[in-house]
Amino acid sequence: MNRPLLVALWVAALWAPAAAAQPAYSGQGIEMRVEPRTPEQISAFYEARGFPRAAVEALSKACFITVGIQNRREDIVWLEPARWEFFDAAGRPVERLPRAYWEARFEKLGVPPASRATFGWTQLPEVRDLRPAEPVGGNVTLVPVRGTFTLVARFATGSDRRGPVIALRFDKLTCPGR
Amino acid sequence: MFRFAVIAICFWALPLAVSAVEVPEGLIALDGRPAPALKLTDLDGKITDLAELRGHWAMVHFWASWCVPCRLELPAIATMVKTKPESLALVMVNTAETDDEVFAFLSAVAPELTTLLDRDGQVTERWQPRGLPSTFFVDPEGRLRYLALGGRPWDSPAYRRFLASLGR
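Line by line, the protein sequences are chains U and R.
With this note's numbering as the guide, the letters of the first sequence map in order to residues 7 to 184.
With this note's numbering as the guide, the letters of the second sequence map in order to residues 2 to 169.
Just to be clear, a hint being listed does not mean it is correct.
Some, not all, of what chain U presents toward chain R, calculated at C-beta under 8 Å [claimed, not checked]:
1) R55
2) G56
3) W127
4) A139
5) E140
6) P141
7) V142
Simulated restraints on C-beta separations [stated by the list, open to error]:
8) G164/U with D101/R: 43 to 49 Å
9) G46/R with P119/U: 19 to 25 Å
10) G56/R with R184/U: 55 to 61 Å
11) A30/U with A165/R: 36 to 42 Å
12) E23/R with K178/U: 41 to 47 Å
13) R175/U with D50/R: 46 to 52 Å
14) T156/U with G168/R: 51 to 57 Å
15) D121/R with A54/U: 15 to 21 Å
16) G143/R with R111/U: 33 to 39 Å
17) G153/U with L31/R: 45 to 51 Å
Reference listing, derived: stretches of chain R covered by chain U, where coverage requires no fewer than 3 residues with Cβ under 8 Å from a Cβ of chain U [to be verified]:
18) 23-29
19) 114-124
Because the hints were derived from the structure by calculation, they are not lab data.
Positions of the beta carbon are idealized from the N, C-alpha and C atoms, including for glycine.
For reference, chain U alone in the conformation it holds in the complex (with noise of 0.2 Å):
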């Protein structure tokens, strides 16, 4: 079975019933794919997990993007969602919610360490240097828009990043159930 498939199928099966609207872009060298989640299949897969009722509130309560990405080119692109821009309708920016945000509620919420290494394996890597063929698929947190929201995704390219950069953006994105 060929790597992008893997990676779809990976995206697609990690939470069973998909969302409507499956954004995907093929070009510049990049696959990518982006799957916005609703709260219920967010607590479906945490609490099957055996999270701690608090831990998958919490997560429920924020808006959960998965994305798959392919490195279709022959140098190094550069995953690093701190560079990505999220902004809603009326242009204002939408905040991310990085790993350590998580940590720390994690922390105050006395979430044990297989839980906390669970979550860690299915979000999207906080800096990634893909390297060509490589797949890489995960969750990105959001604070919850209403209404819609556009990514744009940037990335760094070539292995001292001083290839072209590439965005990619995303339009009328949701967060399902809000």
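Starting from the known structure of chain U, fit chain R onto it as the hints suggest.
Leaving out everything else, chain R in the frame of chain U:
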């Protein structure tokens, strides 16, 4: 003098024997830093200590049952296990799941495979895989030599040749 020559040839020949076989696509070479400690038990409580596998190559594979690429890769691993060199140790490590979850999953999907249990996920954290699944190759001196990017077709001819070269 003779002993020195034999040792020198062994040091020279070990990497050469591996490099003679093409490294398949999807494996990247690592810098040879020492592998992190790994000492865990399996579902029966049997302890495996990576340090005790010195002298042979070890394939250390991190996985979880909720990870779909991990699940898709398992049949290839199950097939590969039947043909891999005996001296190549397969060390499977489940990341942060319970004994019940792992037993229910493996007994249904790949009963021929055994796995160690990293119950709190901390061993996996120390190894810093690039994601799940992840497979590291540890050389006979206990150093990290290769990393597989995501799930790989371990039962394909290119991978079989590569794995066979590690058993020489």
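Note to self: Does the closest beta carbon of chain R sit nearer than 8 Å to the beta carbon of A139/U?
What the structure shows: Holds. Min distance 7 Å.
Checklist line | Range agreement (Cβ of G168/R with Cβ of T156/U, hint 51 to 57 Å) | finding: 53 Å, holds
Exercise. Could you check if P141/U really has its C-beta closer than 8 Å to a C-beta on chain R?
Key: 5 Å, holds
Interface hint compliance - E140/U to chain R, C-beta minimum distance less than 8 Å: Holds - the Cβ of E140/U comes within 8 Å of chain R, reaching about 5 Å at its closest.
Review point. Do the Cβ positions of G143/R and R111/U conform to the proposed distance bound of 33 to 39 Å?
Key: 38 Å, holds
Coverage of the stretch 114-124 of chain R by chain U, judged on three or more residues with CB within 8 Å:
Answer holds; 4 residues pass the 8 Å Cβ test.
inquiry  = Does the beta carbon distance between G56/R and R184/U stay inside 55 to 61 Å, or does it fall outside?
reply    = 58 Å, holds
*asked:* Restraint: W127/U near chain R, CB-CB cut 8 Å. Satisfied or not?
replied: Holds, because the Cβ-Cβ distance from W127/U to chain R comes to roughly 5 Å (cut-off 8 Å).
Cβ separation of D121/R and A54/U, checked against the hinted range 15 to 21 Å:
19 Å, holds
*Just tell me: holds or violated, for the beta carbon distance of E23/R and K178/U against 41 to 47 Å?*
46 Å, holds
Cut-off 8 Å, beta-carbon criterion: hint that G56/U touches chain R
This hint holds: G56/U lies near chain R, its Cβ roughly 7 Å from the closest one there, short of 8 Å.
Assertion that chain U covers the stretch 23-29 of chain R - criterion: three or more residues, beta-carbon distance below 8 Å: holds (count 3)
Checked against the numbered hints above, the structure violates none of them.
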